[in-house]
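Peer 1: Take a look at the letters that make up each chain.
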Amino acid sequence: MKQVGIPHGLFYYYYYPLWKTFFTDLGANVISSSTSNRLTLDQGIKLAVDETCLPIKIYFGHVQELCQQHLDYIFIPRLVSVEPKSYICPKFMGIPDMIRAAFDNLPLLIDITIDVSKSDRSLKRDIMRVGSLFTKDNSRIKQAYTHACQENRFCHLLAREGYTLAEAISLWEGQQVQNPASGDLNIGVLGHGYSLYDSYISLNLIERLRKMGCNVFLPESLDTGCIEQQAATVPKRVFWTLGRKMVGSALYMDKRPDIDGIIYLACFGCGPDSLIGEIIDNKVKNKSFMMLTIDEHSGEGGLVTRLEAFCDMLRRRRMRGEGNLPAYG
Amino acid sequence: MKVTFPHMGNAHIPIKTLLKGLQLEVIPPPPISKRTMELGVKYSPEFACLPLKVNMGNFIEAIEAGADTIVMAGGWGPCRFGYYAQVERDILENLNYDFRMVILEAPDSRLSELLKQVKSLGENVSLWEAWKAIRFAWYKLNAVETLEKQFEYYLPRAIDKDEIERIFDEGLENIDRTDRREEVNDYTNMCLKKMHEQPCHNQPILRIGLVGEIYTILEPATNYDVARYMGRLNAEVTRSIYMSEWVNDHLLGGWIKKSRHAEIINCASPYLNYWVGGHGRETVGYTVDFARKQYDGVVQIGPLTCMPEIVAQSVLEKVSKREKIPCMTMYFDEHSGQTGIYTRLEAFIDMLQRKSYLQSSVSQEKPIIAGI
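Note that the protein sequences, when read in sequence, are chains A and B.
1 is the number of the first residue of the first sequence in my numbering; add one for each residue after it.
1 is the number of the first residue of the second sequence in my numbering; add one for each residue after it.
Keep in mind that the hints were calculated from the coordinates and are not lab data.
Some hints here could point you the wrong way.
[Unchecked claim] Keeping only pairs whose Cα atoms sit at most 30 Å apart, straight-line, the calculated DSSO-like set for lysine-lysine is: (1) K132(B) x K161(B); (2) K42(B) x K283(A); (3) K324(B) x K85(A); (4) K85(A) x K119(B); (5) K285(A) x K42(B); (6) K258(B) x K46(A); (7) K20(B) x K236(A); (8) K236(A) x K42(B); (9) K236(A) x K2(B); (10) K194(B) x K257(B); (11) K287(A) x K321(B); (12) K118(A) x K116(B); (13) K116(B) x K161(B); (14) K161(B) x K20(B); (15) K46(A) x K321(B); (16) K355(B) x K236(A); (17) K34(B) x K20(B); (18) K118(A) x K324(B); (19) K46(A) x K355(B); (20) K324(B) x K46(A); (21) K257(B) x K236(A); (22) K236(A) x K324(B).
[Said to hold, decoys possible] Partial selection, computed: residues in chain B whose CB lies under 8 Å from chain A: (23) A48; (24) P78; (25) Y83; (26) P308; (27) E317; (28) P326; (29) M328; (30) M330; (31) F332.
Note that the Cβ used here is the ideal one computed from N, Cα and C, for glycine as well.
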């Protein structure tokens with residue numbers, strides 16, 4: 001049985017069920033690296049160029065972890081574009097080359113190019129080519145891909161219920177996930193999935209908020225139609241897939257009366273976020289908005305203080321709205 | 001309508017000519033100064049890359065000088081530049097400036113679309129006049145670049161570097177001022193002749209390739225003029241990007257000049273096998289090309305957090321090892337201390353000089369004396 005490694009980073013949270021089902025159906029054994037931890041980061045920092053953003057460094061750490069196991073293949077897709085006329089980020093377009101340049105001990109790389117910006121014809125061809133590494137049976141590859149897409153859709157349906165993508169993946173794999181207790185504040189939390197749902201990168205942001213008595217609203221739990229509709233209100237179409245989703249979600253949350261505040265988690269050095277953050281900050285008029293920027297700095301204290309202050313402020317404002325507080329208090 | 005545009009090195013000379021040819025009143029932004037940077041940094045998003053901040057400074061100063069229309073380029077990603085104009089317009093509107101912004105979209109399009117957009121700017125001119133304006137701007141651009149290339153050649157060789165710089169700056173100024181084709185020719189030739197007449201030394205000259213992001217390469221104010229500084233250290237600098245080549249490759253589909261673009265892209269393989277936006281792949285391709293042309297070293301420059309350049313930098317180490325060419329990467333932001341940058345450049349050039357000295361002594365089979 002062939003062993004395929006999938007690094008536990010970047011678009012893992014969006015597509016892991018798809019990738020895993022596809023390879024498993026073709027008779028391969030899928031091994032993913034462990035969740036991000038101190039060691040992942042340390043190795044990533046050593047291998048990656050200083051100027052890259054934190055999620056890329058973490059990704060390098062995951063690849064390093066997989067390199068130490070006996071694998072036949074390691075799956076590092078080149079994600080150019082997952083929807084028409086949009087891109088992810090230049091770093092995603094170069095990641096297989098960056099990995100090749102940094103590692104000497106790599107197993108064989110499956111670096112399928114995923115680019116549907118113009119058409120999905122080349123993607124279909126590439127899927128067949130990847131499949132042919134495992135089986136000669138074309139119809140089996142097609143079946144595996146269809147099945148994989150179904151599984152992925154199922155996972156995203158779970159996310160619509162209010163689970164984070166990380167939790168949805170755990171549920172999908174048959175693990176138990178605790179239902180979050182409901183709180184008194186409704187907070188929209190935005191950010192790229194690979195930093196938001198990786199509890200090591202985000203310093204456990206979502207869990208912390210829930211513990212502080214907040215109901216967390218994520219972009220995945222919102223109606224995609226509404227997100228797109230709101231995103232279309234900016235003068236120029238945002239050409240980053242995640243960026244557009246964030247702008248749309250923020251504007252949608254801004255209009256929803258049940259949301260109290262919005263938090264945006266960005267990584268230091270993220271190109272798209274440097275502009276998207278500005279646009280959101282500019283357009284969100286009705287809600288409190290806080291931008292959190294993180295890097296490999298691991299002091300949680302500052303983050304906790306800011307979150308507490310944000311929640312306190314929202315609660316105070318609500319009390320004032322109810323007239324329980326003197327105007328000068 | 002008083003039109004302005006962002007600075008990018010000497011590009012203001014042809015752009016001004018083009019807009020004037022469209023019978024528009026042009027107010028170029030004042031040269032980039034400390035104040036430009038301060039204004040830009042003050043009003044731009046903190047983590048935006050440096051070109052956006054410089055653009056902002058340019059626009060604010062130009063509006064203060066009386067401009068009311070801004071001409072800016074757009075694009076469709078994945079590099080951040082494509083969204084610059086939108087963010088800049090929002091910020092300027094929030095600052096309550098009164099202006100109109102004309103965004104020339106789709107820089108990857110064909111000439112016909114560009115013509116249409118240029119024509120829509122100049123409402124009072126005929127298509128023939130617009131065409132003439134474009135041709136004259138192109139002519140000036142080429143004259144400017146002839147001077148730039150000769151300047152890059154003579155600066156490291158000349159004994160009196162100040163004089164060469166003065167001649168070059170004077171030449172540019174003359175070209176900028178004139179409105180007649182013949183005079184452009186005369187001034188170019190005069191400047192070339194003067195540079196040629198300058199006495200030269202016969203010390204060894206290093207050859208260094210300058211690769212990286214287009215704006216940082218073309219605009220000396222954003223890179224502390226590293227090209228001139230290296231020239232003054234007797235290193236001949238060849239850039240990977242010249243404005244005319246960019247226009248030729250990206251706007252004109254390569255039909256005016258013979259283009260090396262495809263060849264450079266081939267050079268980038270197998271190190272970087274995909275287009276990564278901006279000039280990432282060109283950076284890698286040119287580094288390989290410089291190595292194969294026996295250059296002594298390569299300096300990569302870009303604005304801090306520039307995404308395509310980070311990808312290029314990640315593979316550059318491997319290129320450097322395999323192709324045997326020393327590479328150094330420098331990122332620039334609004335930090336204004338030149339000394340650190342110049343020290344790094346000096347160290348890099350010292351190292352290269354020493355290396356080439358040792359190599360030449362080995363090849364002539366002279367004993368290497370320690371301590372030299």
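Peer 1: All hints are to be evaluated individually against the structure, with a verdict given for each.
Peer 2: To see whether the hints hold, each was checked on the structure:
Annotation: proposed proximity of K132(B) to K161(B) is violated, straight-line Cα distance about 37 Å (limit 30 Å). The hinted pair formed by K42(B) and K283(A) meets the criterion: a straight-line CA distance of about 20 Å does not exceed 30 Å. The straight-line distance between the Cα atoms of K324(B) and K85(A) is roughly 39 Å, outside the 30 Å bound, and the hint therefore fails. Distance check on the hinted pair: K85(A) and K119(B) sit about 27 Å apart at the alpha-carbon level, within 30 Å; holds.
Proximity of K285(A) to K42(B) is assessed by CA-CA distance (about 22 Å); at most 30 Å being required, the pair is judged to hold. Simply put, K258(B) and K46(A) have alpha-carbon atoms about 43 Å apart, too far for the 30 Å limit, and the pair is violated. Proposed proximity of K20(B) and K236(A) is supported: the alpha carbons are some 29 Å apart, at most 30 Å. As the CA atoms of K236(A) and K42(B) are separated by approximately 25 Å, the hinted pair is consistent with the 30 Å bound.
For a cut-off of 30 Å, the pair hint linking K236(A) to K2(B) stands: about 25 Å separates their Cα positions. In summary, the hint linking K194(B) to K257(B) is supported, as the alpha carbons are separated by about 28 Å, within the 30 Å threshold. A distance of roughly 53 Å separates the Cα atoms of K287(A) and K321(B); the hinted pair therefore is violated under the 30 Å criterion. Between K118(A) and K116(B), the direct Cα distance comes to roughly 25 Å. Compliance with the 30 Å bound is thereby established for this hinted pair.
A C-alpha spacing of about 44 Å is found between K116(B) and K161(B), which places the hinted pair above 30 Å, so the restraint is violated. At most 30 Å may separate the alpha-carbon atoms for a hinted pair to count; K161(B) and K20(B) exceed this at roughly 34 Å. A hinted pair counts as satisfied when its Cα atoms are at most 30 Å apart, and K46(A) with K321(B) qualifies at roughly 18 Å. For the hint linking K355(B) to K236(A), the alpha-carbon distance of about 52 Å lies beyond 30 Å, and the restraint is violated.
For the hint pairing K34(B) with K20(B), the CA-to-CA distance comes to about 28 Å; that is within 30 Å, so the pair holds. Our distance criterion of 30 Å between C-alpha atoms is broken by K118(A) and K324(B), whose separation comes to about 39 Å. A C-alpha spacing of about 28 Å is found between K46(A) and K355(B), which places the hinted pair at or below 30 Å, so the restraint holds. For the suggested pair K324(B) and K46(A), the alpha carbons sit about 23 Å apart, so the restraint of at most 30 Å is met.
The suggested pairing of K257(B) with K236(A) is violated, with an alpha-carbon distance near 34 Å, which exceeds 30 Å. Pair hint K236(A) plus K324(B) does not hold up; C-alpha atoms about 45 Å apart against a cutoff of 30 Å. For A48(B), the suggested interface contact is upheld, since its CB lies about 5 Å from the closest CB of chain A, less than 8 Å. Checking P78(B) against chain A by beta carbon gives a least distance of about 4 Å; that is within 8 Å, so the hint holds.
Given hint, Y83(B) at the interface with chain A, holds; its Cβ is 5 Å from that chain's nearest Cβ, closer than 8 Å. Proximity of P308(B) to chain A holds as hinted, the smallest CB-CB distance being about 5 Å (cut-off 8 Å). Interface hint at E317(B): satisfied, since its Cβ lies 7 Å from the closest Cβ of chain A, which is below the 8 Å cut-off. Annotation: interface hint on P326(B) violated; nearest CB of chain A at approximately 17 Å, more than 8 Å.
For the restraint placing M328(B) at the interface with chain A, the shortest Cβ-Cβ distance is roughly 13 Å, beyond the 8 Å limit, so the hint is violated. Evaluation of the M330(B) hint against chain A yields a violated restraint, the C-beta minimum of about 11 Å exceeding 8 Å. Because the smallest distance between the Cβ of F332(B) and any Cβ of chain A comes to about 12 Å, over 8 Å, the interface hint for this residue is violated.
Checked against the numbered hints given earlier, the structure breaks hints 1, 3, 6, 11, 13, 14, 16, 18, 21, 22, 28, 29, 30, 31 and satisfies all the rest.
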